[in-house]
Structures are given as structure tokens and as C-alpha cells.
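Peer 1: First to last, the sequence lines map onto chains Z and D.
To convert, note that position 192 of the first sequence is 192 in the numbering used here; the numbers rise steadily by one, no gaps.
To convert, note that position 58 of the second sequence is 58 in the numbering used here; the numbers rise steadily by one, no gaps.
Note that these hints are calculated values from the structure, not bench results.
Hints are not guaranteed to be accurate.
The list treats identical chains as one, so a pair stands whether inside a single copy or across any two.
Claimed, not checked - Computed cross-link-like contacts, DSBU-like style, restricted to lysine-lysine with a CA-CA straight-line distance of at most 35 Å:
1. K137 - K68
2. K178 - K94
3. K20 - K68
4. K176 - K196
5. K133 - K27
6. K133 - K207
Protein chains: 2
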Amino acid sequence: MAAIPSQQILDSLNWRYATKVFDPAKKISSADWNALEESLILTPSSFGLQPWEFVLVENPSIREQLVKFSWNQRQVADASHLLVIAIRTDIDAKWVDHFVSRVEEIRGDQGAFTGYRDMMAGFVSNLDEDGVKQWAKLQTYIALGQFMTCAALMEIDACPMEGFVADQYDEILGFKDKNLTTAVLCPAGYRSDEDKYAHLPKVRFPKDQMISRI
Amino acid sequence: MAAIPSQQILDSLNWRYATKVFDPAKKISSADWNALEESLILTPSSFGLQPWEFVLVENPSIREQLVKFSWNQRQVADASHLLVIAIRTDIDAKWVDHFVSRVEEIRGDQGAFTGYRDMMAGFVSNLDEDGVKQWAKLQTYIALGQFMTCAALMEIDACPMEGFVADQYDEILGFKDKNLTTAVLCPAGYRSDEDKYAHLPKVRFPKDQMISRI
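Looking at chain Z on its own, in the form it has when it is part of the complex:
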């Protein structure tokens, strides 16, 4: 494996922007989308517990229906792919056991997991329902960050979106029956030539105001 030159990474991060208008005719290839799905799966999470589900909304009429519950932002319908990142609402000691079984399946039973299991189960049970939800939601933002970065490196556009009516999303996507709730959205695809935001310089505070040394 060879390290990717840092300038190439920074060029990609400078190239990306929160895409406001996608070209509905340009589709992400299935090879590229599969790689992005793989990058989602590989997202790190607290204890490795992966308290999420990644939902690809493909049905065009459902996507059209979601627009009005997304502050009328057309990206939800127009982008090549609509990724909804959901958190599980059933993260408890049972989920921890499910995870520990998976660890044992992959790494073999090294007899070292009981303490780890109890520590994770203790962590989860010390949080109330809202606390678990907040913790899980934080993890989904790692996935969001990694997904956007990977997409940019592959020259695929994306638009992180917090502006949506979560209850309506949960209802339309049938999440309540699946113990899921919508955390954040990220339509992905290719920018339209007509997106004026594509040409605006990026706005960041100066580095010396954002980074400090102690």
C-alpha cells in the first residue's frame, strides 16, 4: 500500500462543496457506489458497536415525496443516490451481545471478551434512552464525515443535510417497525452545470483562529 500524496487529498477536499443542484441525468456507477457502501461499512464507531443502518432510497416516487419534508430541497429527489443514515433505537445489552458474537465469529473465542462485553453493556445501560440516542447519533456523523471524504476523493459530489422532518422520514421509510430513526441525509451524485454554488470560493475561518497549540 502506498500513501496518497497529501496535496491530492487537499485538492479533493477543496473541490467538494455542499452540492445544491445535482444533474439528475448523471448516475454514480455501480462499482463506485459499491465502494462507497464499503466505506460506510468500514466506518469506525465507539466500541465498534455500529449503532446504525445505512438506507439507500431508490424508489423515485418515495424520493419525490420526501422533498416536501426536506425544506423542499430537490437534492433528495435529483441526486443519483439518496443515502439516509439511521440510528438504531434498540441499542441495549442485547445488541452488545449480538456484537460480541460477531467479534467471536471473526476473531475466534479468545476468552477475553467477557470483561469487554460487561464494560460495553455497563456503558449502554448507564445511559437513558435519550443518552443512547445522542451517543448513537454522534457515531453516524463519523460515517457522514468518512462518506463525504471518500466521495470527494472519488470525484463524486454530495450534500450533507440536517434539514428534514425526522418523524415524516421515519413514517415514510417505515423506520418505526424496524427500530430505526433518521439521523442525517447525504444525497450523492454529480453537480449540475447550473449550480452557481459550485463556483463560489469556500468560506472557512482563518487557520490561526481555528487551531491552537498548548
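Dock chain D against chain Z, hints included.
Peer 2: Quick look at chain D alone, frame taken from chain Z:
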């Protein structure tokens, strides 16, 4: 700009792991660290508001002092660099104005920012103190995700850490006087040959359980 082959990205994501033992003798070059700082600056955030500060803790005795407030995890002292991602506790209408000034400085006054300003100020003022903090903390996890991904691509190891006593960090790092509070840590550097975790297979739930289609 050329897209980076997706297999190269996935190889990097498979190579990375939450590094438990860093080699204290191996330091990230200043060129590489500068690039990582640049990647932090380029992190996307809600409305672009960048409600954070990235704090590099360089003082060895402070880093040593932080170990006991980090569940005795030595990464905090041993990794080449210790990144503390903090959220600002003063995100309010004034911060929004500060941001809008920066937008005008970079993009010129296009007279289109009053509505944008009011929308952002309305969003912030509709949240209570805890709500602002939660929203800001979510944004820092995008930064964490992007940072870890970029580090992996550059073959630099990292260890995301939520296990620390935030009050003690805030106290030791003097955050209270700076309107900051610790959100999450990410020591970075190079894995030690002695880290047995480096050789364990990665544990993820199967793709068909984590990704669904609607």
C-alpha cells in the same frame, strides 16, 4: 484533478484501526501534520458555522497529566500528536454575525446574506444551551471522521477516544476561559510493533445487515 481509485481508498480504510499502542519515537513530519490541519479546516459543518476549535496539545507534561483522566490510555501521551477537538460554548447570534462577516470578506457583499443570516440566527436561538452543544458536538464528529480518513490515506495511525473526563480536560487545558469544552480526542502518529491489535481482523457486521434499500 484525478479521482483516487476506490480500491486504494478501501485499502487505506482496511489498514487503519483504533491504535492502542503508538511508537513514541516515530513523529509525524511537519509537512504531513500541516496537511492534516488543513483537512481539519476544510471539514464541512452545518451552515458552514464551524462551531469548533482544534487544539494540539504539545506540552509533554500536560499530555502526561491527561493520561489519568483518559482511563489511563497511554495514547494520549505516547502518540506523535494529540488532537483535542473542542466545541465553542458561545455559539449565538453574535457568532453567526462573525461568520457572515467572513462570508462577505471572502465572497464579497452580494446583498444576499441577510436572509441567510436571519435563518441561521433563528436556528441557533431556537435551541437551548444543551441543544446548541449537542448540535455543535455532532459537527465535531464530521471533523473526526474526515481527520481519521485523511490520516489513513496518508498512512498515519490514529485513535478516536471518547473515554476521558471532560471537566478535567477543560480545566487542565484552560478551556473555561476560552469558551471551549472538550468534545472528542484523536491522538495520531504511528503504531508500535508491539500493538497486538494491529494484527486482529476488523470486526464489522455483514453488509447485508447494515445496508438496506427502499
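Peer 1: Reference check for the pair K178 and K94, CA-CA at most 35 Å: within, between, both, or neither?
Peer 2: within (16 Å within a copy, 42 Å between copies)
Peer 1: From the Cα coordinates, with 35 Å as the cut-off, is the pair K176 and K196 best called within, between, both, or neither?
Peer 2: For K176 and K196, neither the intra-copy (38 Å) nor the inter-copy (41 Å) Cα distance is at most 35 Å.
Peer 1: Is the C-alpha distance from K133 to K207 at most 35 Å within one copy, between copies, in both cases, or in neither?
Peer 2: For K133 and K207, the Cα distance is within 35 Å both inside one copy (33 Å) and across copies (22 Å).
Peer 1: At 35 Å max between alpha carbons, let me know whether K137 reaches K68 within a copy, between copies, both or neither.
Peer 2: Intra 23 Å, inter 28 Å, cutoff 35 Å: intra and inter.
Peer 1: One pair to classify: K133 and K27, alpha carbons no more than 35 Å apart. Within, between, both, or neither?
Peer 2: within (33 Å within a copy, 37 Å between copies)
Peer 1: Between the shortest in-copy and the shortest cross-copy C-alpha distance, which are at most 35 Å for K20 and K68: within, between, both, or neither?
Peer 2: within (16 Å within a copy, 46 Å between copies)
Checked against the numbered hints above, the structure violates only hint 4.
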